[in-house]
Amino acid sequence: MKDLQKFIDKLDTLDFKDMYENDFFLTWEKTDDEIEAVFTVADALRTLREKNISTKIFDSGLGISIFRDTSTRTRFSFASACNLLGLEVQDLDEKKSQIAHGETVRETATMISFMADVIGIRDDMYIGKGNKYMHEVVNSVTEANRDGVLEQKPTLVNLQCDIDHPTQSLADALHIIHEFGGIENLKGKKIAMSWAYSPSYGKPLSVPQGIIGLLTRFGMDVVLAHPEGYEVMDDVVKVAEKNAAENGGKFTITHDMKEAFKDADVVYPKSWAPFGAMEIRTDLYGKGDFDGIDKLEKELLAQNATHQDWVVDDEMMKLTKNGLDTLYMHPLPADIQGVSCEHGEVTAEVFDRARDSLYKEASNKPYIIAAMIFLAKQKDPQAALKALLERGKARHFE
Amino acid sequence: MKDLQKFIDKLDTLDFKDMYENDFFLTWEKTDDEIEAVFTVADALRTLREKNISTKIFDSGLGISIFRDTSTRTRFSFASACNLLGLEVQDLDEKKSQIAHGETVRETATMISFMADVIGIRDDMYIGKGNKYMHEVVNSVTEANRDGVLEQKPTLVNLQCDIDHPTQSLADALHIIHEFGGIENLKGKKIAMSWAYSPSYGKPLSVPQGIIGLLTRFGMDVVLAHPEGYEVMDDVVKVAEKNAAENGGKFTITHDMKEAFKDADVVYPKSWAPFGAMEIRTDLYGKGDFDGIDKLEKELLAQNATHQDWVVDDEMMKLTKNGLDTLYMHPLPADIQGVSCEHGEVTAEVFDRARDSLYKEASNKPYIIAAMIFLAKQKDPQAALKALLERGKARHFE
Amino acid sequence: MKDLQKFIDKLDTLDFKDMYENDFFLTWEKTDDEIEAVFTVADALRTLREKNISTKIFDSGLGISIFRDTSTRTRFSFASACNLLGLEVQDLDEKKSQIAHGETVRETATMISFMADVIGIRDDMYIGKGNKYMHEVVNSVTEANRDGVLEQKPTLVNLQCDIDHPTQSLADALHIIHEFGGIENLKGKKIAMSWAYSPSYGKPLSVPQGIIGLLTRFGMDVVLAHPEGYEVMDDVVKVAEKNAAENGGKFTITHDMKEAFKDADVVYPKSWAPFGAMEIRTDLYGKGDFDGIDKLEKELLAQNATHQDWVVDDEMMKLTKNGLDTLYMHPLPADIQGVSCEHGEVTAEVFDRARDSLYKEASNKPYIIAAMIFLAKQKDPQAALKALLERGKARHFE
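Protein chains in written order, with our numbering: chain E, 1 to 398; chain G, 1 to 398; chain W, 1 to 398.
The following block holds chain E by itself, in its conformation from the complex (with noise of 0.2 Å):
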């Protein structure tokens, strides 16, 4: 098969060997190399699967999945990756679970993990929590697999933390990536990543970071575009600053919805709550004062009401580089003027237009979590990927 073998040609050129028995985090914890790795092997492994070939790499074993919000599309996203590898979705309900109990996260991470070898973890909903707790499960597993308590390390993979979306910002940047016909061709594309009001309020914050965090490193001319008062996390924005300076790229923050859409290749625009006040909020919950919680959720309604300006129509479609045919991206669900509220993120009519690039957006990330597990797992990726096609299994018997 022609196309898979240009997968592992590009393999081959690339540098991914920490990979292996390595978790994913954060995208800017890896290397450009490793990040192409990825996209490699998730092209590859849809190649398979579209040639009808299986991609099983476990005959048996676990896939635990941690969800501490409510999720559709990356639950099943992540029970799609670990079927097409072969490894069953166990999912840790925790109401389920005896760990209100005063267990700790060592202990749990442990008991679940004898049979697991990944597990993948939402946790996105408190300031300096989320991106903690998955590295508190790691050091867990990790010392119980050194100690012989476990006889496989699971990989650990970020569903999304408070800090970074890495299966999202990676499954986006592949469909920018074929969009644009290859990652060389990204360099100098302007893409802005924009607030968009919504009728919410509290939307993760992961989202816009790990788009900044992920594409100024392709060269690209990104810039965020917010209402005051309506900042990323600091640090993010600093690896964003020094992604750019490195790759020959641009970085800039903008207060103006039409600069940052002006002559744009490629628009997210997607609404998000101040990190400031997660920063509060995330407080108010630690101390348990929910009336002080509530009374923030009011301010911030409030304020996002404003800025309902800040909504991407046909209008502000033709500011950009190919106007109504420019890339509209979002990670969906949106906020969709007119159909599931009176004001959103996004007319009806450029959401139609958008819906199968959205459609095909979102189908990359099956494909990049896999690709996470399979380079975590498998020592010669390469030489797996050639011994799937020689052992030549149909997915679905004919």
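Please keep in mind that the hints were generated in silico from the structure rather than gathered at the bench.
Please note that the accuracy of each hint is not assured.
Copies of one chain are not kept apart here, so a pair can be met inside one copy or by any two copies together.
Unchecked claim - 20 Å max Cα-Cα, derived EDC-like pairs, lysine to aspartate or glutamate:
no., residue 1, residue 2
1, 56, 279
2, 386, 9
3, 360, 151
4, 242, 221
5, 379, 398
6, 56, 398
7, 17, 398
8, 379, 279
9, 321, 263
10, 250, 15
11, 393, 59
Knowing the structure of chain E, use the given hints to seat chains G and W on it.
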């Protein structure tokens, strides 16, 4: 294996090519040959499993279930069918998802389907809703497949809607076929599909509707019996009348349970709610008028209570063709008088005598669901059955 | 593989033919040979998995779990065991089912079992209920299999009942066997199964009962220690006495924790509720007297609070045979003083020193469960182990 060949030979005489890559909504949307193909493949799959031969046609892939009402037997039947064919069940628990956040059916359907081969839906609570919702789902994934978003189109299995309950009625019909020694022996046999008293109200109409809509096509003498005011959906009555006319059978409605039972070869007594009341209930629900729903519920319970004499006891059974030996059917669980309630659908003496038969009736459901999937997924089902036999992989390694 | 042969040779010396197509309720219903077969198969399956050899004996099939109490480790142990053998777990979530609608145990048990090879049940909350419920389930599926309703009889694994917790006690015993270098080395070793203080009340009796009912058969010197009023079930005390008498061991009860710890080779300190109080609680629950239950709970907590000195600290450990190095056991999660509570079962210094050992103890549980299933499902387990080795399928494709 002689048995399997018999089923393959039968399939060779039937035309069911339109089932490939198609969906299963209502039995009366399928041809007689298609219905018989379902029975035949169900029995073929059972034969293979009983011979300890694996029937996995999928090496990986997901079977999505969406249950909008509590369920035990249908949930386990769907899980069993998927497992039998090699698909892993992933339940879309709408409470754990972000569907409430204004997401459209089209979007959710696509987002969960990237690696889904089947979607099973139970949505039977509101008149005019469930079947419509299933069509929305199918239209969405069909479009997404056509537009290149989905690599495969998952097939829909209607696990019960407001109109029909095809996996139930086909499992029931297959039981009758087994009991009477062949589909050709159903001609002229009388079945009493009768209302019976239950202390609860609002039981789905899809069971009686499914039965009269299906069994009339085998040339049976189908009698629908219920107290005045417990009419079923008029459209389905018309289907039953048309079927009877076309197939040399009979379809009559009576308000006298004894008349229905007289000389019946099969009795199927079961509670349901009046269609008219369910329409009112749907309207009240749409308006959010929960006081109105409570009031309606009380009225219906009071109305039900005037019909406590609609119970199957030995006296009633003695009116039938074979007396106490006549085939008594129920989709389970039944309201058993003196066991689960004071007054109910059936006395313990009748139920206990029929128990094994009732459980065998239920045992068909996983195979019926698996057959629906098999026929939608295999281009050449006869060849696939032969290939499974030749592959000869043990289900349980011995 | 030399290691595996050792286990096969051991099995050749044991008589466990009655385990085939049987169930696992209580350890004392099994012979010594049968118990040793469980240990041996557990270690054999672990050996195969550690050598990356697949132990799937099922190509498809369901493992049903019914948890009538929250659970993390038992839930994951059961899921791991099923996955290891090739069964897909399907949880019967009674809240999502129609069981409340007056369905009998017999009916539910049959309806979920059409393609079930195993049913694992945890039901430990009410005295006289859990074990009885498991027998009802087994009687139902046995009858359904005999009557031709079920193609196979699922085997029951008791995941904890009101009387015994066999998967826990066998995992514990296997840990002791590993630590002492063989089952033959347990003879004469002293174990202190001791009550310890916990700020919660009502912890299951099945752990201490399981331990005294099992370890007395290896000729150990088993001391059960608890404050007056915290008696365990009398029937199990009789089992322990009988076992000790028959196997050259000792079984004594003391109300002095120090006396129990003195010169002990193993200590197992853990909170539990008084049997008498649990009987009263079951009666109150049966009457729906929730005020009475609240009152009882307060009384028990007050009674517990008078025994806060029943805590394992270094001073206590120094009384034992090997001082701080003596084997400390617990089923987890433990109430760790100063960590998860102010006063608890054990101090952090004792717990932290034992952590790795405790986690290894827990790691036996998936293998114990898998061994129970294996022995119930394989007619010739030695041949099956050899065949798995010869098949040599990699668990993780490398």
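Consistency of the hints with the structure:
1. 56 / 279: neither (42 Å within a copy, 49 Å between copies)
2. 386 / 9: within (11 Å within a copy, 40 Å between copies)
3. 360 / 151: So residue 360 and residue 151 pass the 20 Å test across copies only (11 Å; inside, 38 Å).
4. 242 / 221: within (13 Å within a copy, 67 Å between copies)
5. 379 / 398: between (32 Å within a copy, 8 Å between copies)
6. 56 / 398: both (18 Å within a copy, 11 Å between copies)
7. 17 / 398: between (37 Å within a copy, 15 Å between copies)
8. 379 / 279: This pair counts as neither: shortest intra-copy Cα distance 40 Å, inter-copy 57 Å.
9. 321 / 263: within (4 Å within a copy, 79 Å between copies)
10. 250 / 15: Cα proximity of residue 250 and residue 15: none, with 26 Å in one copy and 63 Å across.
11. 393 / 59: both (13 Å within a copy, 8 Å between copies)
Consistency with the previously given hints fails for numbers 1, 8, 10, ordered from lowest to highest.
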